[in-house]
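Participant: Here's the letter readout for the chains.
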Amino acid sequence: MTTAEQTITKRKRFKHSFGYYFWHGLVFVWLTIMAAYAVMPIMWMFSTSLRVPSESFRFPPSFFPTSWKWSNWWEVLTSDIIKYPLFFINSVKIATLVTTSQLMLGSMAAFSFARLRYPGRSAIFFVFLATMMVPSQVTVIPRFIILRTFGMVDTHWALIIPGLVGAYGVFMLRQFFMTLPGELVEAARIDGAGFFRIYWRIMLPLIGPALSALGVFTFLGSWNNFFGGFLFLRSFDKLTLPVALVLLQGYMGEGSRAHVLAAIMMSIVPVMLVYLFAQRFILRGIALTGLKG
Amino acid sequence: MATATGILKPKRRESSMASIRREEMIAGYGFIAPAVLVLFVFMVVPIVGSLVLLLTDYSMLGEPSWVGLENIKRLGSDKRMWTCYRNSALITLGATAGNSIMGFSLAMAINRKMPKALRYLYRTALFFPVLTTTSSLALVWRFLLTKDRGIVNWALGQVGIAPISFLGDPRWAIRSVIIYDVWKACGYQMVLYLAGLQGIPESLYEAARIDGASGWKLTRHITLPLITPTAFFCITMATIGAFQIFDNAWVLTEGGPGDASRTIAIYIYETAFKHLELGYGCAIAFLLLLILISLTLLQLWGSKRWVYYD
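Chains as they are written, first to last, in this note's numbering: chain A, 1 to 293; chain B, 294 to 603.
Just so you know, the hints here were simulated from the structure itself, not pulled from any lab data.
Just so it is clear, the structure is predicted and the values come from calculations on it, not from any experiment.
Result set (DSSO-like, lysine-lysine): computed pairs, CA atoms no more than 27 Å apart in a straight line:
(1) B:Lys406 - A:Lys15
(2) A:Lys15 - B:Lys510
(3) A:Lys83 - A:Lys238
(4) B:Lys409 - A:Lys15
(5) A:Lys238 - B:Lys567
Far from chain B, by Cβ distances over 10 Å, these chain A residues were calculated:
(6) Trp70
(7) Ser71
(8) Ser122
(9) Ser212
(10) Ser235
We put the beta carbon where it would ideally sit given N, CA and C, even for glycine.
The whole structure should be built from the sequences, with the hints applied where relevant.
Facilitator: Right, here's the structure in full:
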């Protein structure tokens, strides 16, 4: 039914054809199924982690908790064999240090690349970009040798120091700085402000959203990092959460599924919190990288 | 800076101009110094070091010994490596296709008219897997996919399908890695495609509707052409990422059974750190770099045909 016809005939009850509604309905059904599919493994993990361990294999499976045995979670937290809080703190420590450093050093470098002029600036920035294209497998072997030379294998420094600056962060923040008017810097210079002051007082506050997005990405990236810890950490006490979960899953509550899932569930909680509070930033940050690309 | 003194430039002003520039230079270099230092030590040096290392035989137990091009020659005859490359290629194909198609369709579906709260709910649910820890959720999927007591097989049983050994059957190992990867990552592409869709001006659709177009015609002639830049970005990024998959395959199957799901990233790790052949490991890694560069260039070249830039 074309719009011309609609204006001439009487106002119909339904605006669109049956075919339209049918298709619309199908799309919604499919969308709902997909959303459920996305969430189901996590729901299953949650509900099974609350089951009595001997029941965790029982069928039919339940996606909603059938029991509320929070003691499973408690047992994982207080177990002497697996020092869960220790792994948790290790992960938090590394993620926080890396994120803070990347935001600070990255924004300084980004500001310089975007708004300051000096010989060789383009060349150096180009090298930054080029390194982003290199797969991690190429750099990981020599990195191990370098860190081993400094005696940093099996310490947290092995995960922190290479992560102090990220080329991706510098790139993204530079894009943002370049969207700010150049006159700001010049006006401040004329007023006699030093460059650090300009950076700290003026530019940094203006890229708040970008900093938040980058901060969230960096934190999550470090929190979720499995391979780094897997490669560099050997001592039990040094393990980060992802590595500990994979290596020790047999020891949690004598290998009971419920306990393993409880442990994993607890490691996801910070992610959930960050997500709930910062969802807008995360999604906006991702969308912007896509548009620039 | 305008002055009233005219042509003559007093020396004082000249040196203050130069000193301003010098101050800017110092600030410029100073601000990038920490970043450049870190990147130099942990990116530039390793890349160059890799190039040098691949010409040696080094096991970290002794001194490196020079072997020239032998590592490179070995690449040609290393059957296991080519199997791993094949595995990675298949995973890349499946995962990239799956993620892109799912991401695009989900974005199209979510972009429709619906109450804001509902859209928020869908988006939250669909994006959540992206943020979780890959290795930890792989553990969960390992439970889901086991033959005897896994949920997926139970569900298949309810509809009368015989249990499949997702992680133990060599034919299914790669498929399982792909299935897990698509579940985990399609939300990310959905967000990218959504941003791309929202960048298409509504006025184009309105103009077309005035001309009488609707539904499929709108999609085919407006949406699809204008989403190609986003699609190109997504596919290129997904390809590079999928080739480097380690966590998924390692935690799900440890590369097994046999070498059925051993990705090239796993093989490089084992060569260098299990068999202690660091030189050869670098050679394999550099081959990966060359393959990725070639693929990206190929995609760039092909993009001229199908990507629509306005």
